[in-house]
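Participant: Every letter in the sequence shown is one number past the one before it in the numbering used here, and letter 72, counting from 1, is 72.
If you are wondering where the hints come from, they were derived from the structure by calculation, not from laboratory data.
The reader is advised that the hints may include incorrect statements.
To be verified - Derived Cβ-Cβ restraints for the label pairs, each shown as a range:
(1) Thr-3 - Ile-74: 39 to 49 Å
(2) Ala-54 - Thr-3: 31 to 41 Å
(3) Phe-43 - Asp-86: 33 to 43 Å
(4) Asp-77 - Asn-36: 29 to 39 Å
Being a predicted model, the structure only gives us computed values, none of them experimental.
Here a beta-carbon is modelled for each residue, glycine too, at the ideal position from N, C-alpha and C.
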Amino acid sequence: MLTWAHCGDLHVSHEDEYISIPRLETLVREANRYLNSSVDFIFLPGDNANDGTAEQYRRFVDMLSDLTLPVRAIPGDHDFEPGTLDAFYPKW
């Protein structure tokens, strides 16, 4: 049976008005600690970055690099705000 953890609307931002960085750090730490033996991957269903900028995605990818589970991500409307998904596609 295929299982996954659904973690959406992370809104990683360089201004961090959503307190996104500490929340994502906690998600990575807790997923590594508790989910490795119980899920097949982490699913990020969009709004991963707050404005979809390259800087926000660099931060997002850097923070996820410590995650030991595979990640599958799709873009949401906030990821597309610059009018392009160029910042999203190099990694995902």
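Participant: The structure should be examined with respect to each hint, and the outcome stated for every one.
Facilitator: Going through the hints against the structure:
At about 18 Å, the CB distance of Thr-3 to Ile-74 disagrees with the hint of 39 to 49 Å. Remark: the range hint 31 to 41 Å for Ala-54 to Thr-3 is upheld by a beta-carbon distance near 32 Å. Separated by about 22 Å at the C-beta atoms, Phe-43 and Asp-86 break the suggested range of 33 to 43 Å. Between Asp-77 and Asn-36 the beta carbon distance is about 31 Å. The supplied range of 29 to 39 Å therefore holds.
Of the numbered hints given earlier, the model fails hints 1 and 3; all others are met.
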